[in-house]
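Chemist: As they're listed, the protein sequences go chains A and B. Numbered according to my numbering, the first sequence terminates at residue 258, and the numbering increases by one at each position without gaps. Numbered according to my numbering, the second sequence terminates at residue 392, and the numbering increases by one at each position without gaps.
Hints were generated in silico from the structure; no laboratory data involved. Treat the numbers as computed from the prediction; the structure is a model and nothing was measured.
Once the Cα atoms are required to be at most 25 angstroms apart in a straight line, the calculated BS3-like pairs of lysine-lysine come out as: (1) B/357 to A/244; (2) B/364 to A/244; (3) B/357 to A/209; (4) B/357 to A/192; (5) B/362 to A/244; (6) B/366 to A/209; (7) B/370 to A/242; (8) B/385 to A/244; (9) B/385 to A/209; (10) B/385 to A/239; (11) A/192 to B/385; (12) B/362 to A/209.
To give a feel for the contact side, a few chain A residues facing chain B, derived at Cβ under 7 angstroms: (13) 182; (14) 189; (15) 209.
With beta-carbon atoms standing in for the labels, derived distance ranges: (16) B/38 to A/203: 19 to 27 angstroms; (17) A/241 to B/57: 39 to 47 angstroms; (18) B/38 to A/223: 20 to 28 angstroms; (19) A/180 to B/57: 40 to 48 angstroms; (20) B/58 to A/236: 28 to 36 angstroms.
Where is the CB? At the ideal position from N, CA and C, for every residue including glycine.
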Amino acid sequence: MAYQLYRNTTLGNSLQESLDELIQITPQLALQVLLQFDKAINTALANRVRNRVNFKGSLNTYRFCDNVWTFVLNDVEFREVTDLVKVDKVKIVACDGKNTGNTAE
Amino acid sequence: MASSANSNPVPKLYRSVIEDVINEVRELFLDEGVDEQVLMELKTLWENKLMQSKAVEGFHTEEQAALQAAAQQQAQQSQQVTQQTQSQQVLLPQQQQVTNWQSTRPNVTSAPQQQVIVQDPKILQHMSATGMSAAATAATLALPTGVSPYQQLITSQGQILQVVRAANGAQYIIQPQQQMVLQQQVLPQMQPGGVQAPVIQQVLTPLQGGLPQQTGVIIQPQQIVLTGNKVQQNTQVMQMAGQAGQMQQVQQVQQVQQAQGGAAQGAPQQQQQPQAQGGAAPGAPQQQQAQQMTQPQPPMMLQVDGAGDTSSDEDEEEEEEEYDEDEDEDKDKDGGEDGQVEEEPLNSEDDVSDEEDQELFDTENVVVCQYDKIHRSKNKWKFHLKDGIMNLNGRDYVFSKAVGDAEW
Chain A
154 MAYQLYRNTT LGNSLQESLD ELIQITPQLA LQVLLQFDKA INTALANRVR NRVNFKGSLN
214 TYRFCDNVWT FVLNDVEFRE VTDLVKVDKV KIVACDGKNT GNTAE
Chain B
-15 MASSANSNPV PKLYRSVIED VINEVRELFL DEGVDEQVLM ELKTLWENKL MQSKAVEGFH
45 TEEQAALQAA AQQQAQQSQQ VTQQTQSQQV LLPQQQQVTN WQSTRPNVTS APQQQVIVQD
105 PKILQHMSAT GMSAAATAAT LALPTGVSPY QQLITSQGQI LQVVRAANGA QYIIQPQQQM
165 VLQQQVLPQM QPGGVQAPVI QQVLTPLQGG LPQQTGVIIQ PQQIVLTGNK VQQNTQVMQM
225 AGQAGQMQQV QQVQQVQQAQ GGAAQGAPQQ QQQPQAQGGA APGAPQQQQA QQMTQPQPPM
285 MLQVDGAGDT SSDEDEEEEE EEYDEDEDED KDKDGGEDGQ VEEEPLNSED DVSDEEDQEL
345 FDTENVVVCQ YDKIHRSKNK WKFHLKDGIM NLNGRDYVFS KAVGDAEW
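Can you make the complete structure from the sequences, with help from the hints?
Modeler: The following block contains the structure:
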């Protein structure tokens, strides 16, 4: 099963909201849609995206629990070839990428 | 039209994901016996939310893309859309220039001046694609900056209300005035899920001059006030109970400003419509009212123990209990406040939280990804990440690989 990690993104949240709004969609069906979304987004990210980003900043907190890393960084610069994005604070949630066999997040 | 040399991969990626998901679940929908129409609705909702979030740059639905193509064909050099003729904010000095294309637009502008109105066509195109009426379009344009259309509600009459979210989080409902008579009925469940923030309604009265005026009404959550023009000069304020939830005493005061001549309806009056009337909205009086802020006060709990309890003697306690029971409701706030005031100084220094507010921050920049390797040396951390979606400063980015350094 694919990670449910990407549900808390713009794409994922808007899908969840839309599913909530439509009452004709049963909760069971909504869950199926979300599972399908998980598969689709994981595949798309793995296959259709091909760019690289660098970042640096200072680490405020780190947490490793259930094989999930959660970092909070401050004053970070994200650098891509094209442009640069600076943020005061960013939270990074990362699941294990070595093998995608794990269920849940 | 393409301004940037590198195309943003995000819209295409999202498009393809949406298409994939929708196609995959089509079967599921049919198995469940859900109509294809619902699937299309899901897709539309999904796309609209993405558009409205502005997290993705240049994200267009197919309809909007077709609209833009058609509009560009029409306007060509003038870069104007048909809806613009009804806009009151794009009135530039008319310079008739006979170009090779022979644009017949009344507001033909020269090339240097096109920059001025470039913003508006985009906005208008965006508006028109979402199905807003002309008045609503103008109204939305007339809104203060920082406000963007958030949701569209369709009333029982088929009017399209715009729920707009301002920068400060307050929600506005814009109702275009089409000189229609609103029904004096309770609109059941106007808003799904209940509106949490106070709703401000702006009534727009299209004037002959063309500039819409705005009036503001601030009402409580779970209430929706609709104003309508009965005879074009009267404003009717109705109060609708949104849901069968809490009944709160609200003082609603509304001020309607009408610049049209002869609109005077008498001295402004305050209108109080206590909501204890079961949500029905019997013919609301047509009045002009002054506008005020409504400040609902959350019911406070009566605290009879702890610091709120005045102790010791039995006689006193008995008296206190009777006293409290009798005046339970009235003493709600006072009792609660008294209890709280003494408690706070005692507890206020107990927490040693290291800026927990940071964690609870609203628009947090988030990166969701997978890690290849996380490395640490002393306090130097190195991150090797992959397949991530980032939301930074409100915008979405993606990456297949990310490498980072940080010092703890």
